[in-house]
Every structure is written in C-alpha cells, then in structure tokens.
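Enquirer: Next come the chains, spelled out residue by residue.
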Amino acid sequence: MHKLTRATTLALKGLGRCFVAEQRVSSAMKLPSRGLVCAGHGDESSKNEVYDIIISGGGMVGSAMACSLGMDPNLVGKKILLLEAGNKKVMDKVPDTYSTRVSSISPGSATLLSGVGAWEHITKMRCKPYKRMQVWDACSDVLITFDKEDLQDEMAYIVENDIVVAALTKQLDSLSDNVQVKYRSKVVKYAWPKPHQAANSIPWVKVTLASGESVETKLLIGADGPNSMVRQELGIPTVKWDYDQSAVVAVLHLTEPTENNVAWQRFLPTGPIAMLPLSDTESSLVWSTSHQLAEELLDMDEESFVDAINSAFWSNENQSELIETAGSMFRSALSAIMPSAGSPRQLPPSVAGITPKSRVMFPLGIGHASEYIRHRVALIGDAAHRVHPLAGQGANLGFGDVACLTHLLSQAAFDGKDLGAIQHLLEYETERQRHNLPMMAAIDLMKHLYSTNAAPVVLLRTFGLQATNMVPALKEQIVAFASK
Amino acid sequence: MYANKSGRLVLGLLSRKTTAAARSASSWTAVCKQRALWRRERACLETQRHVVTCHSRALSSSQTTVDPDEVRRFQLLAGKWWDERGEFAALHAMNDLRVPFIRDNLLNVHGARHPGKPLGGLRVLDVGCGGGLLTEPLGRLGAKVLGIDPVGDSIGTARLHSSRDPDLRDRVCYRACTLEELSAQREGGEEEEEEEEEQGAGQYDAIVASEVVEHLADLETFASCCNHVLKTNGSLFITTINKSNLSYALGIVVAEQLLRIVPSGTHDWEKFISPVELERLLESNGFSVQSVQGMLYNPASGAWSWTNSTAINYALHAVKVSNYPDAEESAAHPEDRS
Chain A
1 MHKLTRATTL
11 ALKGLGRCFV
21 AEQRVSSAMK
31 LPSRGLVCAG
41 HGDESSKNEV
51 YDIIISGGGM
61 VGSAMACSLG
71 MDPNLVGKKI
81 LLLEAGNKKV
91 MDKVPDTYST
101 RVSSISPGSA
111 TLLSGVGAWE
121 HITKMRCKPY
131 KRMQVWDACS
141 DVLITFDKED
151 LQDEMAYIVE
161 NDIVVAALTK
171 QLDSLSDNVQ
181 VKYRSKVVKY
191 AWPKPHQAAN
201 SIPWVKVTLA
211 SGESVETKLL
221 IGADGPNSMV
231 RQELGIPTVK
241 WDYDQSAVVA
251 VLHLTEPTEN
261 NVAWQRFLPT
271 GPIAMLPLSD
281 TESSLVWSTS
291 HQLAEELLDM
301 DEESFVDAIN
311 SAFWSNENQS
321 ELIETAGSMF
331 RSALSAIMPS
341 AGSPRQLPPS
351 VAGITPKSRV
361 MFPLGIGHAS
371 EYIRHRVALI
381 GDAAHRVHPL
391 AGQGANLGFG
401 DVACLTHLLS
411 QAAFDGKDLG
421 AIQHLLEYET
431 ERQRHNLPMM
441 AAIDLMKHLY
451 STNAAPVVLL
461 RTFGLQATNM
471 VPALKEQIVA
481 FASK
Chain B
1 MYANKSGRLV
11 LGLLSRKTTA
21 AARSASSWTA
31 VCKQRALWRR
41 ERACLETQRH
51 VVTCHSRALS
61 SSQTTVDPDE
71 VRRFQLLAGK
81 WWDERGEFAA
91 LHAMNDLRVP
101 FIRDNLLNVH
111 GARHPGKPLG
121 GLRVLDVGCG
131 GGLLTEPLGR
141 LGAKVLGIDP
151 VGDSIGTARL
161 HSSRDPDLRD
171 RVCYRACTLE
181 ELSAQREGGE
191 EEEEEEEEQG
201 AGQYDAIVAS
211 EVVEHLADLE
221 TFASCCNHVL
231 KTNGSLFITT
241 INKSNLSYAL
251 GIVVAEQLLR
261 IVPSGTHDWE
271 KFISPVELER
281 LLESNGFSVQ
291 SVQGMLYNPA
301 SGAWSWTNST
311 AINYALHAVK
321 VSNYPDAEES
331 AAHPEDRS
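So the sequence lines, in the order shown, correspond to chains A and B. Per my numbering: the first sequence = residues 1 to 484. Per my numbering: the second sequence = residues 1 to 338.
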C-alpha cells in the first residue's frame with residue numbers, strides 16, 4: 001500500500017518542481033565541480049568543434065528528435081549531431097520473421113513520425129493498425145472495450161521497434177546537410193558549464209567520446225534510455241523503483257487466420273497478459289508476471305508455453321461465486337441507469353505455436369526524473385520517465401517529448417535566442433511533466449489495483465470498470481488522452 | 001522595474017573613478033548630472049578610443065590583446081549583465097517583445113531572404129548596446145550587427161561574451177564610442193568603406209536604440225545622426241518610457257523610491273518623452289513613424305506584454321524617408337549642441 005502513497009508523492013514532487021523556478025539557479029550551482037576541473041583548459045576548448053545541439057542516444061526517441069530538428073525550417077543552418085553507441089541500423093529488406101520488441105504507436109506519435117517523413121518508410125516496411133482494445137479482469141467477468149466510433153479509424157498501430165529505428169535512420173540519411181550522425185561513439189565523460197559565464201567556467205557542454213575526441217554543444221539533449229548517463233552525471237534526483245515483475249515477450253502464431261485488428265489484455269493476479277496483432281496470422285505477446293514465473297515460462301518447452309498462454313486468456317479459475325454474483329448485480333443496476341450497454345464481448349484468438357527462440361524476458365520498473373532540464377541540458381524519452389508496458393505508452397510519451405521540445409526550440413531560434421537558455425527549457429519541462437505525471441500515476445495505479453485478488457479490491461475495480469465501460473464520454477476522454 | 005543599463009553603469013563607474021572632474025560633478029543638480037557624465041565619458045574615451053579602434057580592426061575575439069585583469073573585471077560584470085535572473089532580468093525578458101518587433105518589421109520591409117536566418121544580409125546598428133543583450137539575438141537571426149556604447153566596460157563584457165560563440169564571432173562587433181562619433185567618422189571613412197565595413201563607416205539597414213533615448217540630453221542630434229548613418233528606407237527602432245503622470249508614479253515613485261527596484265536617481269522624469277513628441281521630433285528629421293505600440297511589465301511574472309496603452313513603456317518603428325538637410329553640419333559639431 002505504501003507504494004501508492006509513493007506514487008502520489010512522486011506526482012506532488014514532480015508538479016511542485018514545475019513551480020519552484022528559483023531553485024533552478026541554486027540547484028544548478030550545486031553541480032559537481034566538473035565544470036571547474038575542466039575549466040582551466042580554456043584554450044583547448046576553443047579548438048573543439050562547437051555544435052548547436054547534440055543528442056546523446058540514437059534509439060527511437062533520440063533519432064526522432066534528430067529528424068525533427070533537422071527538418072525544422074527555423075533551425076536551418078544549425079549544427080546538429082546525434083551520437084549513438086551502437087551500429088547503424090540499416091534494413092534493406094524487411095526480415096521474414098517478426099522481431100519480439102514492438103511498440104504501440106498512438107495517432108499522435110504517428111503524426112510526429114509522418115511529419116519527419118519516417119512514417120512513409122514504416123508503412124512501406126511493416127506495421128499493423130488495430131481498431132479496438134478489449135481489456136478484462138481474470139477475477140471477474142467484467143470487461144471494457146475501447147474503440148473509435150464505428151470502427152472507421154485506427155486506434156493505434158503496432159510496429160516493431162527495429163522498423164521504427166530503421167525508418168528514422170533512412171530519413172536521417174537524407175538530412176545529412178543539417179544533421180550529422182556518429183555511430184559507434186560511446187560517451188565517456190560530460191563536462192557542464194556554469195549558468196552564466198562566471199570565471200573559470202567552460203562556456204558550453206563538453207562531451208568526450210571513447211575515441212578521445214571532444215565536442216562541445218550549446219544544448220545537450222539526453223535520450224540515452226532508462227539508465228541515462230546524462231541524468232546520472234548531472235546528479236538529477238530520480239524517483240524510481242523496480243516492480244517485482246518481468247515481462248516475457250514472444251511472437252505467437254495463431255491457430256487460424258483472422259482479421260486480427262483487436263488488441264487484447266487480461267489482468268491476471270500475477271500481472272497483465274497482452275496479445276498485440278502483428279498480422280492476420282501472428283501476434284506479439286507481452287506477459288508481465290513475477291520474476292519466478294517469468295523464468296519458468298522461459299524454461300518451458302514450446303507446447304507447455306502455448307498451453308500456459310491459452311489458459312491465461314481463457315480459464316476462469318480465478319473467479320469466485322461472490323464476485324460473479326456481485327458482477328451481475330452491478331451490471332443489471334447499471335443497465336437500468338444506462339440502457340445502452342457497452343460493446344459486446346469478443347473472444348481472443350487461440351494460440352497454436354510460437355516463433356522458435358523468440359522468447360525473451362526483461363525486468364520492469366518505474367522511474368521519473370524530478371527535473372527534466374538543467375542549464376544547457378534537456379532529457380527526453382526513457383531518460384526522463386520510464387513506465388510499465390501495460391498501457392502501451394512508453395514510446396508515445398517519448399515522442400510527445402520530441403514534439404514539444406522541437407516546437408519550443410524552433411520558436412526560440414526564430415526569436416534569436418540562445419538554444420541552451422533556461423527559459424524555453426523550463427517551458428518544456430513544465431508542459432511535459434504536466435502531461436506525463438498524471439499518465440504515469442494512472443498506469444502505476446492500474447498496476448497495483450490489478451495485482452491482487454483480495455475480494456474488496458476486486459469488487460471495487462469490477463464496479464469501476466463496468467461503470468467506465470458504460471459511459472462512452474469517459475472512454476472517449478481516456479482514448480483521447482492516450483492518443484496524444 | 002525599468003532597468004537602466006547605461007545609466008546604472010555610468011553611476012557605477014562614477015564611484016570607481018576618483019578623478020577631480022567626477023568629484024566636482026556631485027555639486028551639480030540632478031538634471032545637469034547626466035549631461036556632465038556624458039561629456040566626461042566622451043572626454044575620457046577620446047584617449048581610450050584610439051586603443052579600442054585598433055582592437056576592433058581585428059576580429060572581436062580580441063582576448064589575446066586584453067589585459068587579464070581587464071578580462072576578470074569583464075567577467076564579473078558579465079555575471080551581472082548575463083544573469084537572466086539577476087539585475088537585468090527585465091531587460092532579458094524584454095527581448096521576448098523587442099526581438100520579434102524588430103524582426104517582423106524588418107521582414108515586412110525586406111522579405112524573408114534566407115531560411116533559418118530571417119535577418120540575413122542586413123546591417124544593423126545597436127546604439128547603447130550595453131552588455132550586448134539585444135545585439136546577440138539580432139546577430140543570431142543573421143544580421144551583421146555593430147553594437148556601440150560609450151561605456152568601455154560594457155563593450156568589454158559584450159565582446160567577451162560573444163567571442164565564445166563561433167556563430168556570433170563573425171557577425172557581431174562592438175565599439176566603445178558614441179553615435180555622434182560614429183556618424184562623424186562615417187563622413188571621412190567613405191573611401192575606406194571596404195576595410196571599415198564592419199566598423200560603422202558604412203550605411204545601415206536598421207538602427208536599434210532600446211532604452212536609450214530616456215538618458216540622452218540632446219535628442220535632436222541623436223535623430224539627425226541616426227538619419228545620417230541609415231540608408232534611405234532604413235528602419236529605426238526605439239523603445240523608451242513615456243512622459244506621463246503614470247510613468248512618474250510607477251517609474252520614479254514606486255520603482256525608485258518605494259520598492260527601490262531601480263536605484264534612486266537613475267531616471268530623470270524630465271528626460272522621458274511622449275510618443276507624440278518623439279514622433280514630431282523624428283518627422284522633422286526625415287523619418288516617417290510606422291507604428292507605436294505600448295509595452296507593459298508585470299513584476300510578478302517578470303514578463304513583458306504588448307498593450308494598447310502607451311502610458312508607460314512603448315516601442316516605436318520609424319523609417320527614413322529623406323536625408324535630413326543639415327545632417328553634415330550638426331554631426332560635425334556635436335559638443336556645441338549641449
């Protein structure tokens with residue numbers, strides 16, 4: 001229970017940070033004295049190349065940021081550099097097998113990706129839109145479905161992460177005038193400047209690579225993932241904890257081909273199991289469960305694994321009489337108030353097999369940086385916030401950061417401002433924290449609410465889910481919020 | 001509230017320089033004090049200017065020719081000028097209004113030339129640039145800017161700050177001199193225009209005089225010098241304070257005496273000028289006023305906004321329509337005017 005209060009303190013702390021602007025200078029002054037240590041080398045730093053913006057980390061969010069900045073008309077002529085520690089991800093031909101790591105791309109993120117010209121490449125390669133999402137409880141009979149009106153529009157898209165990165169890489173190749181990319185460049189050290197040019201301070205952020213090369217920048221954007229080095233080196237306090245859960249992912253083969261445009265998620269007491277459509281015959285599995293069970297699932301042979309999945313989706317062993325009776329009582333009471341009941345229940349497809357050797361597991365946790373920005377630095381994506389995959393929002397929050405920061409930097413450049421100035425970075429932080437924190441709190445709440453099969457909690461969530469299912473306006477709001 | 005960069009630094013320098021001239025200035029009335037200070041600054045700078053002009057011939061990264069003590073002093077001042085939350089916070093915040101004002105009006109006149117550089121290809125003069133707070137954004141927008149200010153320390157600070165930015169090094173120049181000196185030099189400098197093109201001997205597409213005219217003793221000379229150094233159809237941008245009861249109440253009484261946001265004696269209400277008066281002055285010097293817009297400072301949020309009322313602060317855009325006939329004569333004798 002104390003984790004719920006931690007979630008609220010997390011929210012309060014984060015929101016409080018938005019309004020306490022004065023602390024910025026004093027907290028920036030408490031930076032590790034790397035600035036002073038490196039300061040003596042005034043002459044050396046003037047020989048390094050100075051970029052306007054350096055993005056550290058070339059994953060989905062970092063590459064999207066680079067494309068977005070490179071295509072902005074107000075940032076023409078600015079020197080932008082993307083640093084990626086791994087190799088260049090080129091995909092000349094889409095592989096026949098699906099990769100296990102996928103993301104649900106919301107319409108808002110799709111808009112951003114099409115704005116940077118990567119969405120075209122993605123649709124040419126491979127992506128699967130879905131029109132409906134069905135979410136139900138293992139402990140009761142109740143369900144909730146989300147869909148756009150009349151099933152005309154897509155709700156979201158399932159895209160493999162590799163495809164997103166390859167599409168963005170392809171787009172970056174065409175932007176080589178504005179954006180330079182350095183692959184296989186690992187950063188070993190960062191040196192930070194003081195807020196205003198005090199004596200013995202380096203003027204720009206200095207980045208030292210493993211190759212020994214040093215570059216400087218007026219603005220550093222940290223997109224280096226949940227274990228962000230930028231965030232750690234800055235000493236930004238981060239509220240984070242590990243869930244006692246790991247996610248098992250795999251590529252499933254369905255028993256028979258189906259239209260497959262529904263995303264399924266069932267909340268088991270051990271954690272949610274989700275099946276996301278990839279094609280008419282294949283789906284992606286994301287099963288968040290305890291570490292122990294996750295390991296067992298990985299060790300099982302294929303047949304037992306498939307059986308476990310099917311039983312997780314279909315069996316009713318967790319339901320008790322009490323809950324069933326209560327559930328039907330609620331339903332009749334609610335349908336008296338609101339005769340137009342929710343959408344009809346659909347049955348998820350059954351699984352016949354999996355792609356061999358496609359099972360992987362990874363630990364889950366939550367994290368939120370209390371500050372997204374410092375003097376001349378901004379964090380985006382998982383470096384700033386990390387969530388549970390149950391709502392499919394991790395990548396979308398990151399793309400939201402990209403859209404917001406690009407817009408503010410574009411405006412700042414058009415006003416002749418120094419790109420690393422704190423004023424617009426503060427605006428970015430405020431805007432994104434206001435959006436991200438409620439989302440993260442909601443996801444964390446959902447996770448805890450559904451982690452138990454204690455009767456009172458089950459009754460509460462049963463009633464809540466049924467009531468929500470019957471109020472279309474409320475569902476529309478939820479879908480709208482998640483689609484940004 | 002209405003930050004006064006040149007006035008305050010002049011007062012600051014006054015306390016530092018213990019010359020006899022400065023001591024005797026304390027016996028003058030407040031109204032004459034400013035004029036005396038300007039004259040003294042000009043006199044002191046005559047000697048300094050030769051040194052300064054030599055430095056300014058090189059690119060503005062003149063760190064190698066500047067004394068390390070001087071550099072330290074400029075860095076200390078830079079801490080004041082360039083701290084966005086410090087003494088000059090209101091001036092930094094004013095950039096949110098004045099940069100778009102200048103940029104959009106120039107774009108209307110000249111059209112967008114280069115993507116990413118809205119003011120590319122334009123030459124701008126920033127009169128009373130102080131530490132370069134407005135000069136740098138204009139440089140970033142692509143203009144070639146010369147910032148002038150009679151206070152040598154401000155120029156030193158401004159040069160140091162912009163020298164670190166490779167973008168600005170080639171576009172932004174500073175010079176410690178007054179507008180009259182620049183205008184006078186331009187006459188003699190026409191043959192050397194190619195050499196001196198960065199030094200102000202050429203002609204300008206725009207002049208910016210932000211928070212300056214309320215400190216000048218002689219606005220006629222100012223207007224005629226502006227006319228002199230501007231190209232025909234060149235723009236003049238002024239931001240200043242209105243001479244009204246409200247500006248006395250808020251600008252002098254509240255800001256200086258009650259809340260002490262601005263040091264006492266910084267502003268002289270007699271020197272404030274109303275938009276109507278300023279318009280009249282400019283029109284009689286060969287300008288046509290295009291727009292006047294009121295500005296309002298909110299001390300709680302620290303932000304400026306445009307407003308319909310020009311009762312306190314306002315911004316003005318004028319265009320040079322004709323050469324002012326007596327331009328040469330008045331520029332040659334700036335000292336006699338005061």
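Be careful, since some hints might not be right.
[As the list claims (entries may be wrong)] Label pairs and their calculated CB-CB ranges:
hint : chain 1 : residue 1 : chain 2 : residue 2 : range
1    : A       : Gly464    : B       : Val292    : 28 to 36 Å
2    : B       : Glu277    : A       : His435    : 44 to 52 Å
3    : A       : Asp92     : B       : Asp170    : 25 to 33 Å
4    : B       : Pro68     : A       : Tyr183    : 38 to 46 Å
5    : B       : Val292    : A       : Tyr183    : 36 to 44 Å
[As the list claims (entries may be wrong)] Derived coverage of chain A by chain B (criterion: at least 3 residues anywhere in the stretch with Cβ under 8 Å from a Cβ of chain B; other residues may be distant):
hint : segment
6    : 109-119
7    : 122-129
8    : 403-417
[Stated by the list, open to error] In silico EDC-like links for lysine to aspartate or glutamate, alpha-carbon gap of 16 Å or less:
hint : chain 1 : residue 1 : chain 2 : residue 2
9    : A       : Lys131    : A       : Asp153
10   : A       : Lys357    : A       : Asp415
11   : A       : Lys124    : A       : Asp147
12   : A       : Lys79     : B       : Glu279
13   : A       : Lys189    : A       : Glu233
14   : A       : Lys131    : A       : Asp96
15   : B       : Lys117    : B       : Asp170
16   : A       : Lys194    : B       : Glu84
17   : A       : Lys47     : B       : Asp167
18   : A       : Lys79     : A       : Asp177
19   : A       : Lys131    : A       : Glu120
20   : A       : Lys79     : B       : Glu84
21   : B       : Lys243    : B       : Glu279
22   : A       : Lys186    : A       : Asp147
23   : A       : Lys194    : B       : Asp170
24   : A       : Lys170    : A       : Glu233
25   : B       : Lys117    : B       : Glu84
26   : A       : Lys47     : B       : Asp165
27   : B       : Lys243    : B       : Asp205
28   : B       : Lys117    : A       : Asp415
29   : A       : Lys47     : A       : Glu233
These are computed hints drawn from the structure, not numbers from a lab. Idealized CB from N, CA, C, for every residue including glycine.
Enquirer: Next, verify each hint and record whether it holds.
Expert: Hints versus structure:
no., hint, verdict
1, A:Gly464 - B:Val292: 28 to 36 Å, "violated, 60 Å"
2, B:Glu277 - A:His435: 44 to 52 Å, "holds, 50 Å"
3, A:Asp92 - B:Asp170: 25 to 33 Å, "violated, 43 Å"
4, B:Pro68 - A:Tyr183: 38 to 46 Å, "holds, 42 Å"
5, B:Val292 - A:Tyr183: 36 to 44 Å, "violated, 55 Å"
6, 109-119, "violated (count 0)"
7, 122-129, "violated (count 0)"
8, 403-417, "holds (count 5)"
9, A:Lys131 - A:Asp153, "holds, 7 Å"
10, A:Lys357 - A:Asp415, "violated, 54 Å"
11, A:Lys124 - A:Asp147, "violated, 25 Å"
12, A:Lys79 - B:Glu279, "violated, 43 Å"
13, A:Lys189 - A:Glu233, "holds, 9 Å"
14, A:Lys131 - A:Asp96, "violated, 25 Å"
15, B:Lys117 - B:Asp170, "holds, 14 Å"
16, A:Lys194 - B:Glu84, "holds, 13 Å"
17, A:Lys47 - B:Asp167, "holds, 14 Å"
18, A:Lys79 - A:Asp177, "holds, 9 Å"
19, A:Lys131 - A:Glu120, "violated, 20 Å"
20, A:Lys79 - B:Glu84, "violated, 25 Å"
21, B:Lys243 - B:Glu279, "holds, 13 Å"
22, A:Lys186 - A:Asp147, "violated, 43 Å"
23, A:Lys194 - B:Asp170, "violated, 25 Å"
24, A:Lys170 - A:Glu233, "violated, 31 Å"
25, B:Lys117 - B:Glu84, "violated, 24 Å"
26, A:Lys47 - B:Asp165, "holds, 12 Å"
27, B:Lys243 - B:Asp205, "violated, 29 Å"
28, B:Lys117 - A:Asp415, "holds, 11 Å"
29, A:Lys47 - A:Glu233, "violated, 24 Å"
Hint compliance for this structure: hints 1, 3, 5, 6, 7, 10, 11, 12, 14, 19, 20, 22, 23, 24, 25, 27 and 29 are not met, and every other hint is.
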